[in-house]
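Read top to bottom, the protein sequences are chains L and G. In terms of the numbering used here, the first sequence is residues 1 to 137. In terms of the numbering used here, the second sequence is residues 1001 to 1110.
Wrong hints could be hidden among the right ones.
Stretches of chain L that chain G covers, calculated by requiring three or more beta carbons in the stretch to come under 8 Å of a beta carbon on chain G [to be verified]:
| # | stretch |
| --- | --- |
| 1 | 109-121 |
| 2 | 127-137 |
Calculated from the model, a selection of chain L residues having no Cβ within reach of chain G, i.e. all distances over 12 Å [what the hints assert, rightly or not]:
| # | residue |
| --- | --- |
| 3 | GLN34 |
| 4 | GLU35 |
| 5 | ALA89 |
| 6 | GLY106 |
Label pairs and their computed distance ranges (CB to CB) [to be verified]:
| # | chain 1 | residue 1 | chain 2 | residue 2 | range |
| --- | --- | --- | --- | --- | --- |
| 7 | G | ALA1105 | L | VAL92 | 43 to 51 Å |
| 8 | G | THR1030 | L | LYS28 | 31 to 39 Å |
| 9 | L | VAL3 | G | SER1037 | 31 to 39 Å |
| 10 | G | GLU1008 | L | SER10 | 37 to 45 Å |
| 11 | G | ILE1090 | L | LYS136 | 47 to 55 Å |
| 12 | G | GLY1018 | L | ARG123 | 35 to 43 Å |
| 13 | L | PHE85 | G | GLU1027 | 44 to 52 Å |
| 14 | L | GLU72 | G | SER1037 | 31 to 39 Å |
| 15 | L | SER81 | G | SER1037 | 40 to 48 Å |
| 16 | L | GLU72 | G | GLY1039 | 38 to 46 Å |
| 17 | G | ASP1004 | L | GLU35 | 43 to 51 Å |
Bear in mind the hints are in silico, worked out from the structure with no lab data behind them. These numbers come from a predicted model, not from an experiment. Backbone N, C-alpha and C define an ideal beta-carbon position, used for all residues, glycine too.
If you want the building blocks of each chain, they are given just below.
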Amino acid sequence: MAVLIDLRMSAKLESLGRLIGSLSNCAKAQGFEQEKISRMELAAEEALVNVFRYAYPEQPGDVEMICRLEGERLAIEIIDSGIPFDATAMPVPEVTDGDHEREPGGLGILLMKKVMDEVRYRREKDRNILTLIVQKD
Amino acid sequence: MKIDATKEGNAVVMSLKGRLDAVASSEFETSLSDWMSKGDNNFLLNFTGLEYISSAGLRSILATSKKLKERNGKIFLSGLHGPVEEVFKISGFISIFRVFATPEAALKEI
Chain L
1 MAVLIDLRMS AKLESLGRLI GSLSNCAKAQ GFEQEKISRM ELAAEEALVN
51 VFRYAYPEQP GDVEMICRLE GERLAIEIID SGIPFDATAM PVPEVTDGDH
101 EREPGGLGIL LMKKVMDEVR YRREKDRNIL TLIVQKD
Chain G
1001 MKIDATKEGN AVVMSLKGRL DAVASSEFET SLSDWMSKGD NNFLLNFTGL
1051 EYISSAGLRS ILATSKKLKE RNGKIFLSGL HGPVEEVFKI SGFISIFRVF
1101 ATPEAALKEI
């Protein structure tokens, strides 16, 4: 399980470009197709932005992104020390209704779940660890 | 992200290039608001040059669309492709808006 990236940054929007850029370069170097890379960027952005917005309501904090190659798949861990939050347990909005009054709250989580092969959550030592998994093939 | 906007007939044609992510979406929303404050209520968002969109971008579009509805205005879309089209499909947004293959086709209908 080779660690390809381990990057810790301030949990704020200004960190997004650096984190996504680094993930994208890494996936490219590992030979992932562009379609898969776009999906990784999307899922990682949604996970990171949730951390930026909600993890630290009181004081600023950090976010860590670790990418591991596990055989033929890439596992992206997004880690924060903020309030407990399990994105995988969130209800996802109905996608079939066409009216303009739909609640956009869970949209990011919906996208994340749809474009990843697997999304896992665990709470460990007061940290939230969200793992996004993409198969290479 | 780069935004080019021109008035064509009834609508403001806004062509987006690059990435509409959480960082770019506030700039995009401001640009839409600026046109709205000048009295424009119909927008054609052309995504031919757009490579990426996240939920932040979708939220900006939805928020603007709600404001426009109160003023009898509307958002039309064109040029969806690749990852952007995929995001519109899986979010269900593709059925909320009128979508055209090209900006030319859209302008005939607006």
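Results for each hint:
no.	hint	result
1	109-121	holds (count 4)
2	127-137	violated (count 0)
3	GLN34	violated (9 Å)
4	GLU35	violated (7 Å)
5	ALA89	holds (18 Å)
6	GLY106	violated (9 Å)
7	G:ALA1105 x L:VAL92: 43 to 51 Å	violated (33 Å)
8	G:THR1030 x L:LYS28: 31 to 39 Å	holds (32 Å)
9	L:VAL3 x G:SER1037: 31 to 39 Å	violated (50 Å)
10	G:GLU1008 x L:SER10: 37 to 45 Å	holds (43 Å)
11	G:ILE1090 x L:LYS136: 47 to 55 Å	violated (21 Å)
12	G:GLY1018 x L:ARG123: 35 to 43 Å	holds (36 Å)
13	L:PHE85 x G:GLU1027: 44 to 52 Å	violated (28 Å)
14	L:GLU72 x G:SER1037: 31 to 39 Å	violated (52 Å)
15	L:SER81 x G:SER1037: 40 to 48 Å	holds (42 Å)
16	L:GLU72 x G:GLY1039: 38 to 46 Å	violated (55 Å)
17	G:ASP1004 x L:GLU35: 43 to 51 Å	violated (27 Å)
Of the numbered hints listed earlier, those contradicted by the structure are 2, 3, 4, 6, 7, 9, 11, 13, 14, 16, 17.
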